[in-house]
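Respectively, the protein sequence lines represent chains R and S. Per the working numbering, residue -18 is the first one in the first sequence, and the count goes up by one each step. Per the working numbering, residue 9 is the first one in the second sequence, and the count goes up by one each step.
Honestly, the hints are just simulated from the structure, not real lab data. Bear in mind that the values here come from a model prediction, so they are computed numbers and not experimental data. Glycine residues also receive a C-beta, built at the ideal position from the N, C-alpha and C atoms. There may be inaccurate statements among the hints.
A short list of chain R residues far from chain S (calculated; beta carbon distances all over 10 Å) [unchecked claim]:
hint : residue
1    : Lys(-6)
2    : Ala0
3    : Gly15
4    : Glu97
5    : Gly167
6    : Pro190
7    : His237
8    : Gly253
9    : Gly305
10   : Asn364
11   : Glu375
In silico contact screen, one side only, chain S against chain R (beta carbon under 8 Å); selected entries [said to hold, decoys possible]:
hint : residue
12   : Tyr64
13   : Ala135
14   : His138
15   : Pro376
16   : Thr418
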Amino acid sequence: MTHVQHLKPFLKKTPFHDAMEAMMHGAGWIRWQGYYSPAYYDSTQSEYMATRNGATVYDVSPLIKYAIKGKDAAKFANYLVTRDLSKVAPMNVAYTAWCDDDGRMIEEGTLFRLGENDFILNAALHQLHWLNESAYGFSVEIEEISEQLAGLSLQGPNSRAILEVLGVQGIGKLPHFGIMETIVDGHWLRIDRAGFTGDLGYEIWVKPPDALWLWETLFRLGDPYKIAPMGGHALEMTRVEAGFILVDVDYIGSHHAIRPTQRVSPIEAGIGWAVSLKKDAYFVGKRALQKEKAEGSSRFILSGIEVEGRKPAPGAFLYADEKGTKELGLTTSAMWSPLLKKNIAFAQIPMAYTKPGTEMWIEIWYPKEKKIERSMVKCWTRNRMFFDPPRKKEIV
Amino acid sequence: MASKYDAIVIGGGHNGLVTAAYLAKGGEKEGKNKLKVLVIERYHKVGGAAMSEEIYPGFTYSTCSYVCSLLRPEIFRFLDLPRHGLQVIPYEINSSPNHEGEGIVTYSDHDRTRESLRRHSIKDAEAYDHYAAEISRQCRFIKPLLMVTPPDPTRLNPFAQNKINPWGKRNDLEGLLKIGREFGRMGEKQMYEIIRFWTMSIGDFLDEYFETPRWKGFAAASSIIGTALGPYSPGTAYVLLHHYMGEVDGQIGAWGFARGGMGSVSKAIASAATEAGVEIRTNAEVAKVIIRGGKAVGVTLGNGEEIYARTVVSNADPKRTYLKLIEKSDLDSIDPDIHAYAKNFKIRGSSGKLNIALDGLPQFAGLPKESAWGTIDIGGDFDYIERAYDDYKYGSWSKRPFLDIVIPTTVDPTMAPPGKHFMSVFVQYVPYKLGEQPWTPEMKSAFEKDVLDTIEMNAPGFKDLILHCQTRTPWDIENEVGLTEGNIFQGELTLDQMLFNRPFPGLGQYRGPFDNFYMCGSGTHPGGGVMGAPGANAAREMLRDFKHGVV
Chain R
-18 MTHVQHLKPF
-8 LKKTPFHDAM
2 EAMMHGAGWI
12 RWQGYYSPAY
22 YDSTQSEYMA
32 TRNGATVYDV
42 SPLIKYAIKG
52 KDAAKFANYL
62 VTRDLSKVAP
72 MNVAYTAWCD
82 DDGRMIEEGT
92 LFRLGENDFI
102 LNAALHQLHW
112 LNESAYGFSV
122 EIEEISEQLA
132 GLSLQGPNSR
142 AILEVLGVQG
152 IGKLPHFGIM
162 ETIVDGHWLR
172 IDRAGFTGDL
182 GYEIWVKPPD
192 ALWLWETLFR
202 LGDPYKIAPM
212 GGHALEMTRV
222 EAGFILVDVD
232 YIGSHHAIRP
242 TQRVSPIEAG
252 IGWAVSLKKD
262 AYFVGKRALQ
272 KEKAEGSSRF
282 ILSGIEVEGR
292 KPAPGAFLYA
302 DEKGTKELGL
312 TTSAMWSPLL
322 KKNIAFAQIP
332 MAYTKPGTEM
342 WIEIWYPKEK
352 KIERSMVKCW
362 TRNRMFFDPP
372 RKKEIV
Chain S
9 MASKYDAIVI
19 GGGHNGLVTA
29 AYLAKGGEKE
39 GKNKLKVLVI
49 ERYHKVGGAA
59 MSEEIYPGFT
69 YSTCSYVCSL
79 LRPEIFRFLD
89 LPRHGLQVIP
99 YEINSSPNHE
109 GEGIVTYSDH
119 DRTRESLRRH
129 SIKDAEAYDH
139 YAAEISRQCR
149 FIKPLLMVTP
159 PDPTRLNPFA
169 QNKINPWGKR
179 NDLEGLLKIG
189 REFGRMGEKQ
199 MYEIIRFWTM
209 SIGDFLDEYF
219 ETPRWKGFAA
229 ASSIIGTALG
239 PYSPGTAYVL
249 LHHYMGEVDG
259 QIGAWGFARG
269 GMGSVSKAIA
279 SAATEAGVEI
289 RTNAEVAKVI
299 IRGGKAVGVT
309 LGNGEEIYAR
319 TVVSNADPKR
329 TYLKLIEKSD
339 LDSIDPDIHA
349 YAKNFKIRGS
359 SGKLNIALDG
369 LPQFAGLPKE
379 SAWGTIDIGG
389 DFDYIERAYD
399 DYKYGSWSKR
409 PFLDIVIPTT
419 VDPTMAPPGK
429 HFMSVFVQYV
439 PYKLGEQPWT
449 PEMKSAFEKD
459 VLDTIEMNAP
469 GFKDLILHCQ
479 TRTPWDIENE
489 VGLTEGNIFQ
499 GELTLDQMLF
509 NRPFPGLGQY
519 RGPFDNFYMC
529 GSGTHPGGGV
539 MGAPGANAAR
549 EMLRDFKHGV
559 V
């Protein structure tokens, strides 16, 4: 169309934008919820290796954050999500799903419990409509605070060492999924020990005016510790190794699914462990999930698989037999893991095949010099958490 | 009375042309003899309400319909319309100016729309996703219903004494089961939603999602266009869907400009029809359909000439067809109810049209420049629209009307000299008659002034750009185009006149009450909007009766 020259630029820049742009060597910007977000700076491979070798920072500011406060905040949060929050103490993070009435997953993400009745919900998609709808009858205030905090995810084996030289007292004692708040050089920091890489790592939240100070300080102090910036493409590799699912990649959010059959339950999405059917309070979707569990009616479980050979298998069909007469399911995410030297994927497979080690067949189509070739190879069910080093949860 | 033709199509509107082209191409694959088809058009060129004309030197006006989305992709492909010159260019912006503050703009770019809506209300920006997903689900259900003959559930009654339509040839049960299956696949909640949506008002529907009054008024636009209903009238939610179920290249809900104006649509279909061997006669008005022994055998022209054919198919609207083209005695000999159905058919005109040649591009209040590259809806909240509707209810045009404006020349280089523009202004609400009085030239210019004043208020300096203005009331549209009361859909799109009840009970499957008589206009399922689907569906039924292959 001929109107483009009249459009004003509208993508927003996060507080880290200028620092990131200075390191951007390719046309590496992609969109993330209306913000500029780096897909890669120079090469995905180097950023991926840096994460697994030293430490990298990734700008998580575009995450959509909702503050949930008020007299009934704990009650409401426990009603909203599938985890049992009575078991989550203040200053802890809970990874959880939230569902619709049919027990179909709207999204999953982390919920920060800062106080008894003080929460922050982190979501990839906008959820205010649903939160407001669900909050009817609860005395809570829900506010989107996305732009009130800027965040960097510092991930990798050296991430703790870098925070130590930054002067964060007691970082070694912060448990996995713990949250702490501190002051460094007069700057307020909130640090939680979580991330999307499955490694030792932290998310550091600051007030937006302190963003560039944080970035500059981390890179200055982190240089001997092999710090590097990371883009979304490398993050995508690490999150598959870590076994983390992603909305609209590994499952469709139930609120925007057009076909009702495409919606999945958290059990089907392979995070059944985050559904606390035993919690006393009712939560949205509980009845349906109880029924699914009792009847064993899950259509599939999103599981990890290891594939023979080196050809990545995105969108590939799995079969029970080499001839491909009995179809089992489909892969969602897939990659060759340079770290693990394994060909890994997530696949929707029937419950009967979810036991680790179960052998199946997979049909992979791959391009080869302008030809498309087909290979039918073996694959085996694996724990979806392919990469899970002890240092992830280690306390020092 | 030798039948020279296999079929005569009364009226060369886009649906009539589609029917003709489909008939002529029918049986092609099966190697059957080509059917001989004649299209008879009153005007000096074909197109009906999909028409481009040079009314002012150097400027091509889309004189009636002005944007394209609903034309079914199946027809596009079957008739190879791009080869016949049709090019549809989608536009990506919808906006509503505001002379007292910031206007509303939505884009095909999701992120950009969210940013734009957030300036008015964060809550509404967030609700928009849910609203959009719901509309997509509704579209998913309705889409398979468009290119099929609506099954009639009354046929399933083995005891029915259906005298009107004794041709129970097709398998209605199969069609109903198919719809039932589609319906079932939607899931329990969505099944409830569909029933709700098809019957509720757009006002009630939007109230469930949004809070900003102006945004709601803007979102309601598509639900009142062409109807004689207000935003809180039940049934208007469906009209919204009717405007959303179209597509450009698979992009649901997208609208586009036909390069060269909407006449390019008719021109391309006519070219495909002619190529297939269809004969088109213009400047010829059909006065009567000749009925002999309960069978349609031909037509009489205004000059008395009689033309005979094996079948006759009317592209005219149901009222014109059954009240003007067919003798009441002929109808009564079949079923006296039909005359009553035709008389009671709701086909109220509610919209007018201004076609304006402009010396330059106007700037709309509260809107960024790019908004001129899409639709610009001048309106306001529901109160604004209801007030506009009130004027209409009591026999006048809306003094502050709702306007759906496009300036296709922002995109199309063929319709005006460089730097100049053609502006199409769709006006809602405008009555067919002023109370019981006919339109007078004085009233028409008072109406024109109100519309131009409303635009000027929302685009200061607009009036200075006007080079020429053509104003059409529903009365003009009826007399110039032939649509009864100037109703753009050939009949109100409310549930009582849809599916197997469109146009009338018992005649919902394109066959008329007489043998060899058919209907193919927007007055039949699935309705208007330059969709072409009624024409294609009618042709399919005719070919079935001809035993002439299936298209």
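Now the hints, each set against the structure:
Chain S leaves Lys(-6) of chain R outside its interface by the beta-carbon criterion, the shortest separation being 13 Å against a cut-off of 10 Å. Once the 10 Å rule is applied to beta carbons, Ala0 of chain R is consistent with being away from chain S; the minimum gap is 23 Å. Listed as a non-interface residue, Gly15 of chain R fails to keep its Cβ farther than 10 Å from every Cβ of chain S; the least gap is roughly 4 Å. Listed as a non-interface residue, Glu97 of chain R keeps its Cβ farther than 10 Å from every Cβ of chain S; the least gap is roughly 27 Å.
The claim that Gly167 of chain R is not at the interface with chain S holds, since no C-beta of that chain comes within 10 Å of its own (minimum 32 Å). The beta carbon of Pro190 of chain R sits about 22 Å from the closest Cβ of chain S, which is more than 10 Å, so the claim that it is off the interface holds. Taking the minimum C-beta to C-beta distance to chain S, about 4 Å, the non-interface status of His237 of chain R is violated against the 10 Å cut. Chain S leaves Gly253 of chain R outside its interface by the beta-carbon criterion, the shortest separation being 22 Å against a cut-off of 10 Å.
Separation of Gly305 of chain R from chain S is adequate, the least Cβ-Cβ distance of about 27 Å exceeding the 10 Å criterion. With a minimum CB-CB distance of about 33 Å to chain S, Asn364 of chain R clears the 10 Å threshold, and the non-interface call stands. With a minimum CB-CB distance of about 40 Å to chain S, Glu375 of chain R clears the 10 Å threshold, and the non-interface call stands. Here the hint on Tyr64 of chain S is broken, as its CB sits about 23 Å from the closest CB of chain R, past 8 Å.
Hint status for Ala135 of chain S: holds, given a least beta-carbon distance of 5 Å to chain R, under 8 Å. Hint status for His138 of chain S relative to chain R: holds, with the closest Cβ pair at about 5 Å, below 8 Å. Because the closest C-beta pair between Pro376 of chain S and chain R is about 7 Å apart, less than 8 Å, the hint holds. Taking 8 Å as the C-beta cut-off, the interface hint given for Thr418 of chain S holds, the closest approach to chain R being about 7 Å.
Checked against the numbered hints above, the structure breaks hints 3, 7, 12 and satisfies the rest.
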